[in-house]
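As you go down the protein sequences, you meet chains A and B in turn.
Residue numbers for the first sequence follow this note's numbering, so the first one is 69 and each next one is one higher.
Residue numbers for the second sequence follow this note's numbering, so the first one is 402 and each next one is one higher.
It should be emphasised that the hints constitute simulated quantities derived from the structure, not laboratory data.
Treat the numbers as computed from the prediction; the structure is a model and nothing was measured.
Keep in mind that the hints are not guaranteed to be accurate.
Where chain A lies over chain B, by a calculated footprint (3+ residues, C-beta under 8 Å) [stated by the list, open to error]:
id : region
1  : 552–564
2  : 578–588
Which residues of chain A face chain B? A few of them, derived with a C-beta cut under 10 Å, are [to be verified]:
id : residue
3  : PHE84
4  : MET88
5  : VAL91
6  : VAL93
7  : VAL106
8  : PHE133
9  : VAL140
10 : GLY145
11 : ARG154
Listed next, with one range per pair, are the computed distances between beta-carbon atoms [to be verified]:
id : chain 1 : residue 1 : chain 2 : residue 2 : range
12 : B       : ALA771    : A       : THR158    : 42 to 48 Å
13 : A       : PRO74     : B       : GLY453    : 53 to 59 Å
14 : B       : ALA609    : A       : VAL93     : 48 to 54 Å
15 : B       : ALA771    : A       : VAL125    : 56 to 62 Å
16 : A       : ARG154    : B       : ARG748    : 22 to 28 Å
17 : B       : ARG557    : A       : PRO72     : 49 to 55 Å
Note that CB positions come from ideal geometry on N, CA and C, so glycine has one too.
Here are the chains, one letter per residue:
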Amino acid sequence: MTVPAPYHLALSAVLFTLGMVGVLVRRSALVVFMSIEVMLNAVNLAFVTFARLRGVVDGQLLVFFVLVVAAVEVVIGLAIIVDVFRAMETVDVDDVDLLRG
Amino acid sequence: MSTADLVLVGPELVLTIAAVVVLLQDAWATGGVLEPQTPRPAAVWGSLAAVGLALVWDVGGRRWGPAFGGMYVRDQFTMIADLAALAAAGLGILLSSAYLPRVRLPAGEYHALLLLATVGAMVMAASGSLITLFLGLEILSFSLYVLAAIARRSRRSLEAGLKYLLLGAFATAFFAYGIALIFGATGSIDLREIGAARPSRLLGAGIALLTVGLAFEGALVPFHAWAPDVYEGAPLPVTAFMSVVAKVGAFAGLLRVFPLALAHLAGVWGPMLAAIAVVTMILGNLAALFQTNLKRLLAYSGIAHAGYLMIGVAAGGPAGTWSVLFYLLVYVAMNLGAFGVLLLLARQGMEADRVEDLAGLSGRAPWAAAALVLFLVSLAGLPLTAGFIAKLYLFRAALGAHQPVPALVGVLTSVVSVYYYLRVASAALSGGAPQAVAVLRNRLVGAALVLATAGVLWLGLFPAGFTAAVQQAARQAAAAVR
Chain A
69 MTVPAPYHLA LSAVLFTLGM VGVLVRRSAL VVFMSIEVML NAVNLAFVTF
119 ARLRGVVDGQ LLVFFVLVVA AVEVVIGLAI IVDVFRAMET VDVDDVDLLR
169 G
Chain B
402 MSTADLVLVG PELVLTIAAV VVLLQDAWAT GGVLEPQTPR PAAVWGSLAA
452 VGLALVWDVG GRRWGPAFGG MYVRDQFTMI ADLAALAAAG LGILLSSAYL
502 PRVRLPAGEY HALLLLATVG AMVMAASGSL ITLFLGLEIL SFSLYVLAAI
552 ARRSRRSLEA GLKYLLLGAF ATAFFAYGIA LIFGATGSID LREIGAARPS
602 RLLGAGIALL TVGLAFEGAL VPFHAWAPDV YEGAPLPVTA FMSVVAKVGA
652 FAGLLRVFPL ALAHLAGVWG PMLAAIAVVT MILGNLAALF QTNLKRLLAY
702 SGIAHAGYLM IGVAAGGPAG TWSVLFYLLV YVAMNLGAFG VLLLLARQGM
752 EADRVEDLAG LSGRAPWAAA ALVLFLVSLA GLPLTAGFIA KLYLFRAALG
802 AHQPVPALVG VLTSVVSVYY YLRVASAALS GGAPQAVAVL RNRLVGAALV
852 LATAGVLWLG LFPAGFTAAV QQAARQAAAA VR
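From just these sequences and the hints, can you work out the full model?
And the structure:
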């Protein structure tokens, strides 16, 4: 028995929304970053579901591109967050506020 | 993948290889020292040579056509957008040559990332499918995140990088979800096939999410909040380069999606994009009135100009397309020129980024002051300059598409913008020079200013040749997606 596609799409939408709420609510740069990864994985789920639904392989292909982009984002993001922590001893986005105007 | 495909992506290929070579050569020469005390001419000249070669290949190549199964398209539209991106890269390299050794920024990384960001903008301009657009956007923005944070000792630079990264990655997620919905609605990611698909609610939602990602990169309201902070915190040459290259990429992408691929739905997206344009122009110009920091002032001015560019995208059709392409060329020259003059100044070894730091510039460096006034007058869009003609084309495109409101708001906000641009210009022309501010002499920065001045004068006084080129580019690109 297979689970019908609308459920996958609903799960994808729920995950995306959870990630979005996480970005807006949490204050630690690391958790914000993790929430963005959840959003990107929700995108992947949608791609795979649509690819199955439509019988087109393009959607599966796109997942690999999104995965690579997410991996690069982690590498760059963690490097910047580590540098920020070294300089300011905090990764709380509310405390990083020299630039205001 | 065939040889013909590789010839078509030649300009991008040259820059990518050069980026890797510059990075490795610099690491080899410095032994991995991150903060070299001496200037690194090899990185500067190497990347300049790569930009020159890509420029010759781009303009002189004259080979058009799709590559990689239609995912990449090289046509005259791509050529003009690449010209703008490569001009930004060339001027960006020249302008930063004095700043980098003075502040001890890593030259290899800086030049490699600058070249890669240019590649990203060029790939976006050449996108025939949403994958290409996505990858181009990511190559562009990842390079810019790192460039914004490249001054690792400066808390402001790190904060700029962190903010840009978090908000940019957030916008990327929306962009990717938009692609997923469009794929679900049409079963394709090819821009031509999406354009031919039946409109549906799912497609509309996907396109709205796609717009979020592009509007973020172009700093359009309401996705502009990052711009003032990131512009202020990033090192000055990075701010200068970023302010133009991100706009080239974002608006080339917007043109590929809206006026070119989705031309038959112009009645649906036209009014929405026009509303974004109106809000962006009003907010950008009003906020710029109250700025005392030059980087923040130019950030809000950049938001305002994104609004002007959006008028053309919203107007759509060939007229809207070519007026945006023309505006991008003009914007690269005048905005990088204005930043270039600021790069000639140093306040006690730091950036001179306050309006009052410019005081007395006309007495100490008359040519630089004259160039600054020219760039500011052009940014304000006063007659006889390139900025005036470029705005005129945009407003005319809006009237031709029966959108009088954005054109009217554009004219009114341009009048407002005269005030803050001329406030900066009058600071440069009057008063005694502050003791703390030194005027640097540097041949490469001077050369960049001469080139930018020549660009603004040429585009302003003899626009006919460029106008014909961009008109033909818009017609060819529109015919190819029919």
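Verification of the supplied hints:
1. 552–564: Result for this restraint: holds, n = 10.
2. 578–588: holds (count 7)
3. PHE84: 6 Å, holds
4. MET88: 8 Å, holds
5. VAL91: At 5 Å from the nearest chain B Cβ, VAL91 of chain A passes the 10 Å test, so the hint holds.
6. VAL93: Cβ of VAL93 of chain A sits 13 Å from chain B, so the hint is violated.
7. VAL106: Where the cut-off is 10 Å and the nearest Cβ of chain B is about 9 Å from VAL106 of chain A, the hint holds.
8. PHE133: 6 Å, holds
9. VAL140: Holds. Min distance 6 Å.
10. GLY145: 6 Å, holds
11. ARG154: 8 Å, holds
12. B:ALA771 x A:THR158: 42 to 48 Å: Given about 46 Å between the Cβ atoms, the range holds.
13. A:PRO74 x B:GLY453: 53 to 59 Å: 55 Å Cβ-Cβ, so the 53 to 59 Å window holds.
14. B:ALA609 x A:VAL93: 48 to 54 Å: 23 Å, violated
15. B:ALA771 x A:VAL125: 56 to 62 Å: Because 60 Å falls inside the window, the suggested range holds.
16. A:ARG154 x B:ARG748: 22 to 28 Å: 27 Å, holds
17. B:ARG557 x A:PRO72: 49 to 55 Å: Holds, at about 52 Å.
Figure legend: structure checked against the earlier numbered hints; hints not met, in rising order: 6, 14.
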